[in-house]
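Protein chains in written order, with my numbering: chain A, 1 to 446; chain B, 1 to 269.
Hints were generated in silico from the structure; no laboratory data involved. Nothing here was measured: the structure is a model prediction, and the numbers come from that model. Where is the CB? At the ideal position from N, CA and C, for every residue including glycine. Watch out, some of these pointers could steer you wrong.
[Stated by the list, open to error] Using 20 Å as the maximum straight-line C-alpha spacing, the simulated SDA-like pairs for lysine to any residue come out as follows:
{"hint": "1", "chain 1": "A", "residue 1": "K95", "chain 2": "A", "residue 2": "F85"}
{"hint": "2", "chain 1": "A", "residue 1": "K361", "chain 2": "A", "residue 2": "Y319"}
{"hint": "3", "chain 1": "A", "residue 1": "K47", "chain 2": "A", "residue 2": "D118"}
{"hint": "4", "chain 1": "B", "residue 1": "K199", "chain 2": "A", "residue 2": "A19"}
{"hint": "5", "chain 1": "B", "residue 1": "K239", "chain 2": "A", "residue 2": "L103"}
{"hint": "6", "chain 1": "B", "residue 1": "K239", "chain 2": "A", "residue 2": "A132"}
{"hint": "7", "chain 1": "B", "residue 1": "K239", "chain 2": "A", "residue 2": "T26"}
{"hint": "8", "chain 1": "A", "residue 1": "K134", "chain 2": "B", "residue 2": "K210"}
{"hint": "9", "chain 1": "A", "residue 1": "K415", "chain 2": "A", "residue 2": "L203"}
{"hint": "10", "chain 1": "B", "residue 1": "K228", "chain 2": "A", "residue 2": "A138"}
{"hint": "11", "chain 1": "A", "residue 1": "K113", "chain 2": "A", "residue 2": "L61"}
{"hint": "12", "chain 1": "B", "residue 1": "K203", "chain 2": "B", "residue 2": "K255"}
{"hint": "13", "chain 1": "A", "residue 1": "K105", "chain 2": "B", "residue 2": "R236"}
{"hint": "14", "chain 1": "B", "residue 1": "K210", "chain 2": "A", "residue 2": "V23"}
[Said to hold, decoys possible] Derived DEER-like restraints, expressed as beta-carbon distance ranges:
{"hint": "15", "chain 1": "A", "residue 1": "L103", "chain 2": "B", "residue 2": "I208", "range": "18 to 24 Å"}
{"hint": "16", "chain 1": "B", "residue 1": "Y251", "chain 2": "A", "residue 2": "N147", "range": "56 to 62 Å"}
{"hint": "17", "chain 1": "B", "residue 1": "R245", "chain 2": "A", "residue 2": "A65", "range": "35 to 41 Å"}
{"hint": "18", "chain 1": "A", "residue 1": "N326", "chain 2": "B", "residue 2": "A217", "range": "38 to 44 Å"}
{"hint": "19", "chain 1": "B", "residue 1": "R245", "chain 2": "A", "residue 2": "G263", "range": "51 to 57 Å"}
{"hint": "20", "chain 1": "B", "residue 1": "P247", "chain 2": "A", "residue 2": "L103", "range": "28 to 34 Å"}
{"hint": "21", "chain 1": "B", "residue 1": "I208", "chain 2": "A", "residue 2": "E83", "range": "29 to 35 Å"}
{"hint": "22", "chain 1": "B", "residue 1": "R245", "chain 2": "A", "residue 2": "N406", "range": "56 to 62 Å"}
{"hint": "23", "chain 1": "A", "residue 1": "K56", "chain 2": "B", "residue 2": "I209", "range": "47 to 53 Å"}
{"hint": "24", "chain 1": "A", "residue 1": "K56", "chain 2": "B", "residue 2": "N260", "range": "47 to 53 Å"}
{"hint": "25", "chain 1": "A", "residue 1": "N147", "chain 2": "B", "residue 2": "P247", "range": "53 to 59 Å"}
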Amino acid sequence: MLFRYLFILLILLPIKAFALIEVDITRGNLNPLPVAVSPLAIDKNSKDNFKKVLKKENLGLEISAIVENNLRQSGLFNPLDKEAFLQEPEIANLKPRFEDWNLIKAQALVTGKVTFVDEKLRVEFRLWDVLAGKEIMALAFTTVPSNWRRVGHIITDKVYERLTGEKGYFDTRIIYISEEGPKTNRIKKLAIMDQDGFNNKFLTLGNELVLTPRFSPTNQMVTYLSYFKNLPRVYLLDIETGMQEVVGDFPGMTFAPRFSPNGKKIIMSFAKDGNSDIYTMDLENRIVERISNHPSIDTSPSYSPDGKYITFNSDRSGYQQIYVMNSNGKNVKRISFGNGLYGTPVWSPRGDLIAFTKLHKGKFYIGVMRTDGSGERLLTENFYQEAPSWSPNGRVLIFYRETKTNAKGEGFSAKLWSIDLTGYNEKMVETETDASDPSWSSLLSN
Amino acid sequence: MNRNVIISFGLHTLLVIITAMSLPFLAKKPIDLPPIISVELIQITDKTNIPFAPKAKKIIEKVKEKEKKLVSEQAPPKKIKKQKPDAVPLPDEKIEKIKKIKDEKQNPEKVETEIKQISEFEKKELFDSNSIAALIDKSKTESAETNKKLDKITQDQDKEMDFVGLTLSEEDTLKAQIFGCWSIPLGLPFNEDLLVRIKLQLKPDGSIIKTEILDHARMNRPGQAFYKVLAESALRAVKLCQPLRVPSTGYERWKNMQLNFDAREMLEG
Chain A
1 MLFRYLFILL ILLPIKAFAL IEVDITRGNL NPLPVAVSPL AIDKNSKDNF KKVLKKENLG
61 LEISAIVENN LRQSGLFNPL DKEAFLQEPE IANLKPRFED WNLIKAQALV TGKVTFVDEK
121 LRVEFRLWDV LAGKEIMALA FTTVPSNWRR VGHIITDKVY ERLTGEKGYF DTRIIYISEE
181 GPKTNRIKKL AIMDQDGFNN KFLTLGNELV LTPRFSPTNQ MVTYLSYFKN LPRVYLLDIE
241 TGMQEVVGDF PGMTFAPRFS PNGKKIIMSF AKDGNSDIYT MDLENRIVER ISNHPSIDTS
301 PSYSPDGKYI TFNSDRSGYQ QIYVMNSNGK NVKRISFGNG LYGTPVWSPR GDLIAFTKLH
361 KGKFYIGVMR TDGSGERLLT ENFYQEAPSW SPNGRVLIFY RETKTNAKGE GFSAKLWSID
421 LTGYNEKMVE TETDASDPSW SSLLSN
Chain B
1 MNRNVIISFG LHTLLVIITA MSLPFLAKKP IDLPPIISVE LIQITDKTNI PFAPKAKKII
61 EKVKEKEKKL VSEQAPPKKI KKQKPDAVPL PDEKIEKIKK IKDEKQNPEK VETEIKQISE
121 FEKKELFDSN SIAALIDKSK TESAETNKKL DKITQDQDKE MDFVGLTLSE EDTLKAQIFG
181 CWSIPLGLPF NEDLLVRIKL QLKPDGSIIK TEILDHARMN RPGQAFYKVL AESALRAVKL
241 CQPLRVPSTG YERWKNMQLN FDAREMLEG
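Could you put the whole structure together from the sequences, leaning on the hints where they help?
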């Protein structure tokens, strides 16, 4: 009998011992993560040298300001006010006093050091987990001093990637159409700038009409459309060298050339025999291949990141809708079924979503849907807005928005705007002039 | 030959005797029937109740009358009388059971003290029919055992509570606290299996002694950057939240706890 009890006890005891309480946490807050970006420490000698070379009083402070601004613009981080910092940058860089940073509610801390070494800029930075009290990343970069802004963007990319798990989009550029003059007589130039609006450059003089610039996903090449003697031409432009070449003259209306994911082809639509279809051109041998063949108007093609599919818009159903087909033009499927007209579909670099412009009841929307057309989400609504372009990480969209004019045609402006996938973080991107048709580059520091 | 037969006969006889001796029905003693104890249930509230204010007293009396009616409906006196001869005097435990059942039937709302009072009162009732000493002894053991039993019940309940999870309100309180502390990394994909399980060792005040990520090895595997980010965010949440809002009692129950962080619901939108 005793043995029987002992046996039962032996069975029951372990069960009781392992009955661990489990609590499922399935919700959290979506508030931006509080981050402290300490000014990068800089010694007096380096400070003097950078002052001579770059005319900057405190380069450490300037670089940290770039990081701070980028993080704030992302909407995912809340950089804390530097006035609240208790620890000096020089000391924080060596060994942060976590209690001090904890006190101001920082959850992550960026510290670093800037030095002038052999006529070059050397930047060390460290990312700390304040609550865990440990360093989670440390990197150093050496470059020419004039690249100091890029260093700030690269640091942001690294911090962003470490804290969110996905690649950043800060060390990137945006190409767009700069617009000046009255609405009826606009001067349009090709322009390029950093994603934060700095380092703006004009790439054309404005003598010819330029349209729809698109970055190559693999390198710093741009394709765009320009009208030369009223004939549309597709151009290729190397941003690094400034070299430009004509890819081809195309008859009739030509729209929106765009690179294939490997950068070896461009895909576009143009009208042949009065019918607009989708074509590709091999950039090596310049062979043009017809992809779609339908009496309706097919335009705005965009490849999926793996190059297997193409999304485009067509009015073959009677109204302009979004379709997906294989890259050889077969297996065409309509994916948009909502009310209104859908256009300018762009496949996300992550491959999971397609961004589009929608016109419904006189209003324009920028939205996203899954590649099978499900899960349509409208991110922003306005009087007139279109041409979304994805950030390289597929998290943010940039597009342009025009304002209403009054009866005299006054008050018109076109500006670039960005919005992230949550739909909450909508921001205007500062440009020197009016701007339209933006295209986001891939990461420069890949 | 004869000798063998004799030995075989002797051994078989021995076997039959041993078997017969060991069989239970043969060994069973005759039932020793103890004397019959009559049990009557009497209202004792007049003697035990604290005097109430006149108004309250009236209301209570009305309620009692209603209760009496109900009692009479549920357990008519006839039935009790019938049970008297059937109430076979058994060992102490069985007597207790019978009394308990009757108590429950007639007055289910009786509290612990009333049970004691009944047993004391029974002594007087039983006085007439049985010997005093035996009954005094029984009543003493009854009350003592009742008390023991009650004590045992509470201890058992406590022990069981140790191994029961948090109550819904306790769990909700804890969840609500951690929801506020957990900044979900918004860049994470929603279609991947990103469940982070953290085992906590807690102090009685809810502060954390030790945290352990159960799939720690996964954090350092290549291609698991998202998992690492999620795990770190979960750890930050736990540290930020401490001391955790844990129940004020039953430390043994929750001193070790596992939190399962799953952001899919939020990321799917």
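Hints versus structure:
1. A:K95 <-> A:F85: 14 Å, holds
2. A:K361 <-> A:Y319: Holds, because 14 Å separates the two Cα atoms, which is no more than 20 Å.
3. A:K47 <-> A:D118: 14 Å, holds
4. B:K199 <-> A:A19: At roughly 13 Å apart (the allowed maximum being 20 Å), A:A19 and B:K199 satisfy the hint.
5. B:K239 <-> A:L103: This hinted pair holds, its Cα atoms lying about 14 Å apart.
6. B:K239 <-> A:A132: 8 Å, holds
7. B:K239 <-> A:T26: The hint holds at about 17 Å.
8. A:K134 <-> B:K210: 16 Å, holds
9. A:K415 <-> A:L203: At roughly 19 Å apart (the allowed maximum being 20 Å), A:L203 and A:K415 satisfy the hint.
10. B:K228 <-> A:A138: Between B:K228 and A:A138 the Cα gap is close to 17 Å, so the pair holds against 20 Å.
11. A:K113 <-> A:L61: Holds. A:K113 to A:L61 sits at ~10 Å (cutoff 20 Å).
12. B:K203 <-> B:K255: Since the Cα atoms of B:K203 and B:K255 sit roughly 7 Å apart, the hinted pair holds (cutoff 20 Å).
13. A:K105 <-> B:R236: 12 Å, holds
14. B:K210 <-> A:V23: 17 Å, holds
15. A:L103 <-> B:I208: 18 to 24 Å: 19 Å, holds
16. B:Y251 <-> A:N147: 56 to 62 Å: Holds: the Cβ-Cβ distance is about 58 Å, inside 56 to 62 Å.
17. B:R245 <-> A:A65: 35 to 41 Å: For B:R245 and A:A65 the Cβ distance comes to about 39 Å; the hint holds.
18. A:N326 <-> B:A217: 38 to 44 Å: For B:A217 against A:N326, whose Cβ atoms are near 41 Å apart, the range 38 to 44 Å holds.
19. B:R245 <-> A:G263: 51 to 57 Å: 55 Å, holds
20. B:P247 <-> A:L103: 28 to 34 Å: Since B:P247 and A:L103 have Cβ atoms about 30 Å apart, the given range 28 to 34 Å holds.
21. B:I208 <-> A:E83: 29 to 35 Å: Given a distance of about 32 Å, which is inside 29 to 35 Å, the answer is holds.
22. B:R245 <-> A:N406: 56 to 62 Å: With a Cβ separation near 58 Å, B:R245 and A:N406 satisfy 56 to 62 Å, so the hint holds.
23. A:K56 <-> B:I209: 47 to 53 Å: Holds: the Cβ-Cβ distance is about 49 Å, inside 47 to 53 Å.
24. A:K56 <-> B:N260: 47 to 53 Å: Once the Cβ atoms are compared, 49 Å apart, the range 47 to 53 Å for B:N260 and A:K56 holds.
25. A:N147 <-> B:P247: 53 to 59 Å: About 57 Å separates the Cβ atoms of A:N147 and B:P247, which means 53 to 59 Å holds.
In summary, the structure agrees with every hint in the numbered list given earlier.
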